[in-house]
Amino acid sequence: MIHSVTNLYIAYAVTWVIHIGYLLFLGAKAKKLRQEARELSTGTRR
Amino acid sequence: MKFKIFAVITFLLLSYALYQGMVAAPREATMGDIQRIFYYHVPSAWTSFLCFFANFIASIIYLARRNLKADAFAVSTAEVGVVFCTVVLVTGPLWARPVWGIWWTWDARLTTTLVLWLIYVSYLMLRRYSTGQATPTLAAALAIFGFLDVPIVYMSIRWWRTQHPQPVIAGGQGSGLDPHMWAAVLWNWVAFMAFAALLIWVRYRLEITRQQLDEAHALKAVGQAEGSFTR
Chain L
1 MIHSVTNLYI
11 AYAVTWVIHI
21 GYLLFLGAKA
31 KKLRQEAREL
41 STGTRR
Chain E
1 MKFKIFAVIT
11 FLLLSYALYQ
21 GMVAAPREAT
31 MGDIQRIFYY
41 HVPSAWTSFL
51 CFFANFIASI
61 IYLARRNLKA
71 DAFAVSTAEV
81 GVVFCTVVLV
91 TGPLWARPVW
101 GIWWTWDARL
111 TTTLVLWLIY
121 VSYLMLRRYS
131 TGQATPTLAA
141 ALAIFGFLDV
151 PIVYMSIRWW
161 RTQHPQPVIA
171 GGQGSGLDPH
181 MWAAVLWNWV
191 AFMAFAALLI
201 WVRYRLEITR
211 QQLDEAHALK
221 AVGQAEGSFT
231 R
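These protein sequences, in sequence, are chains L and E.
Take the first sequence: its letters are residues 1 to 46, numbered as in the working numbering.
Take the second sequence: its letters are residues 1 to 231, numbered as in the working numbering.
One or more hints might be untrue.
[Said to hold, decoys possible] So the derived label-pair ranges between C-beta atoms look like this:
no., chain 1, residue 1, chain 2, residue 2, range
1, E, Ser-130, L, Ala-13, 33 to 41 Å
2, L, Leu-24, E, Ile-57, 24 to 32 Å
3, E, Gln-224, L, Arg-38, 17 to 25 Å
4, E, Pro-167, L, Lys-31, 40 to 48 Å
5, L, Lys-31, E, Lys-220, 53 to 61 Å
6, E, Pro-167, L, Glu-39, 47 to 55 Å
7, L, Leu-24, E, Glu-226, 39 to 47 Å
8, L, Lys-32, E, Lys-2, 18 to 26 Å
9, L, Arg-38, E, Gly-32, 52 to 60 Å
10, E, Thr-30, L, Lys-31, 47 to 55 Å
11, L, Lys-32, E, Val-99, 36 to 44 Å
12, L, Arg-38, E, Ala-29, 58 to 66 Å
13, L, Arg-38, E, Thr-111, 43 to 51 Å
[What the hints assert, rightly or not] Computed footprint of chain E on chain L, listed as stretches where at least three residues anywhere in the stretch have a Cβ under 8 Å from a Cβ of chain E:
no., segment
14, 6-15
15, 23-32
[Claimed, not checked] Straight-line alpha carbon distances no greater than 27 Å define the calculated DSS-like cross-link-like pairs of lysine-lysine that follow:
no., chain 1, residue 1, chain 2, residue 2
16, E, Lys-4, L, Lys-29
17, L, Lys-31, E, Lys-69
18, E, Lys-2, L, Lys-29
19, E, Lys-220, L, Lys-29
20, E, Lys-4, L, Lys-32
21, E, Lys-220, L, Lys-32
22, L, Lys-31, E, Lys-220
23, L, Lys-32, E, Lys-2
24, E, Lys-4, L, Lys-31
25, L, Lys-29, E, Lys-69
26, L, Lys-32, E, Lys-69
27, E, Lys-2, L, Lys-31
28, E, Lys-69, E, Lys-2
29, E, Lys-4, E, Lys-69
30, E, Lys-69, E, Lys-220
Keep in mind that the hints were calculated from the coordinates and are not lab data.
Cβ atoms here follow ideal geometry from the backbone N, Cα and C, with glycine treated the same way.
Using the sequences and the hints, build the whole thing.
Written out as structure tokens, the structure reads:
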């Protein structure tokens, strides 16, 4: 049963690692878009 | 402001759902505490199905009207659906190992779920790496056919004999859940749906910004080309 409880905690933890990982991915994407918008308005790109 | 309020409500729902799954729901007589994985596994699966259904509808709207907002919504729901489907594919084997003695078996439910995940990952890869103007159209067509796997996944444990447990919800005579277990399943489902809606909201706003930036880049390029032509 100890093995079972370990897997339970791992399952809950991995679920949140996946979700938080996706939130970080969205954060990085938002940062990249903001940077791109700044560059476009100041004309430093292209 | 609305977003912040919704985010706080979602956080509270997720906390209460965690309490329901880990504490309030009774200990299952045969499997013990490992059964509590069910409260994350099943609601995550239902949430991913809903995301893929939303993607299916948005893809039809895009093909019918060439509506860019529908396209942005389609990519957002597909991405969030893949996140929840990943949770399903990871939590399932973690439950199976102590209960079945194996991590994985190629039965109909597990295989169709893996195929579903692969379909939507390929949808996202198509969108990420294809640069042609026809990309949203191709992706929408893939999404419409890809969605056909969702009812197959759902029905697989009814159509075929599987290692995966038979349905305990809407499974006919002899199936069912303890009312306290039901509460834990429903609270977790509500919480995960709220969280999925929050993620889709954020992802949709980013995709709209991406479209606006692409348009601005295109206009700027046209302006520069016209300027060099008149000179």
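Checked hints:
1. Taking the beta carbon of each, Ser-130(E) and Ala-13(L) are about 35 Å apart, inside 33 to 41 Å as hinted.
2. Our hint of 24 to 32 Å for Leu-24(L) and Ile-57(E) holds, since their Cβ atoms are close to 29 Å apart.
3. Restraint check, Gln-224(E) to Arg-38(L): a C-beta distance of roughly 19 Å satisfies the suggested window 17 to 25 Å.
4. The hinted range of 40 to 48 Å is satisfied by Pro-167(E) and Lys-31(L), whose Cβ atoms lie roughly 44 Å apart.
5. Remark: the range hint 53 to 61 Å for Lys-31(L) to Lys-220(E) is contradicted by a beta-carbon distance near 22 Å.
6. The beta-carbon spacing between Pro-167(E) and Glu-39(L), approximately 53 Å, falls within the hinted interval of 47 to 55 Å.
7. Restraint check, Leu-24(L) to Glu-226(E): a C-beta distance of roughly 41 Å satisfies the suggested window 39 to 47 Å.
8. About 25 Å separates the C-beta atoms of Lys-32(L) and Lys-2(E), a value consistent with the hinted range of 18 to 26 Å.
9. In this structure, Arg-38(L) and Gly-32(E) meet the distance hint of 52 to 60 Å, their C-beta atoms being roughly 55 Å apart.
10. At roughly 49 Å, the beta-carbon separation of Thr-30(E) and Lys-31(L) lies within the given 47 to 55 Å, and the hint holds.
11. For the pair Lys-32(L) and Val-99(E), the beta carbons lie near 43 Å from each other, so the given range of 36 to 44 Å is met.
12. Roughly 60 Å separates the CB atoms of Arg-38(L) and Ala-29(E), a value that falls within the hinted 58 to 66 Å.
13. Separation of Arg-38(L) from Thr-111(E) is about 47 Å and conforms to the stated range, judged on CB atoms against 43 to 51 Å.
14. A stretch counts as covered by a chain when three or more of its residues have a beta carbon under 8 Å from one of that chain; for the segment 6-15 of chain L and chain E the count is 7, and the coverage holds.
15. Three residues within the 8 Å Cβ limit are the bar, and the segment 23-32 of chain L against chain E gives 4, so the coverage statement holds.
16. Between the alpha carbons of Lys-4(E) and Lys-29(L) the distance comes to roughly 20 Å, so the proposed pair stays at or under 27 Å and holds.
17. Annotation: proposed proximity of Lys-31(L) to Lys-69(E) holds, straight-line Cα distance about 21 Å (limit 27 Å).
18. Straight-line distance between C-alpha atoms of Lys-2(E) and Lys-29(L) comes to about 22 Å, which keeps the hinted pair within the 27 Å bound.
19. About 23 Å separates the Cα atoms of Lys-220(E) and Lys-29(L), which keeps this hinted pair within 27 Å; it holds.
20. Distance hint between Lys-4(E) and Lys-32(L) is fulfilled; the C-alpha atoms sit about 22 Å from each other, no more than 27 Å.
21. With a C-alpha separation of about 19 Å, the suggested pairing of Lys-220(E) with Lys-32(L) holds against the 27 Å cut-off.
22. For the hint pairing Lys-31(L) with Lys-220(E), the CA-to-CA distance comes to about 22 Å; that is within 27 Å, so the pair holds.
23. A threshold of 27 Å between alpha carbons decides the hint, and for Lys-32(L) with Lys-2(E) the separation of about 24 Å falls inside it, so the pair holds.
24. In summary, the hint linking Lys-4(E) to Lys-31(L) is supported, as the alpha carbons are separated by about 19 Å, within the 27 Å threshold.
25. This hinted pair checks out: Lys-29(L) and Lys-69(E) have alpha carbons roughly 19 Å apart, not beyond 27 Å.
26. Of the pairs offered as hints, the one joining Lys-32(L) and Lys-69(E) holds, with about 21 Å between alpha carbons and a cut-off of 27 Å not exceeded.
27. Our distance criterion of 27 Å between C-alpha atoms is met by Lys-2(E) and Lys-31(L), whose separation comes to about 22 Å.
28. With a CA separation close to 20 Å, the supplied pair Lys-69(E) and Lys-2(E) stays within the 27 Å bound.
29. The suggested pairing of Lys-4(E) with Lys-69(E) holds, with an alpha-carbon distance near 23 Å, which does not exceed 27 Å.
30. Between Lys-69(E) and Lys-220(E) the CA atoms are separated by roughly 22 Å; this keeps the pair inside 27 Å, and the hint holds.
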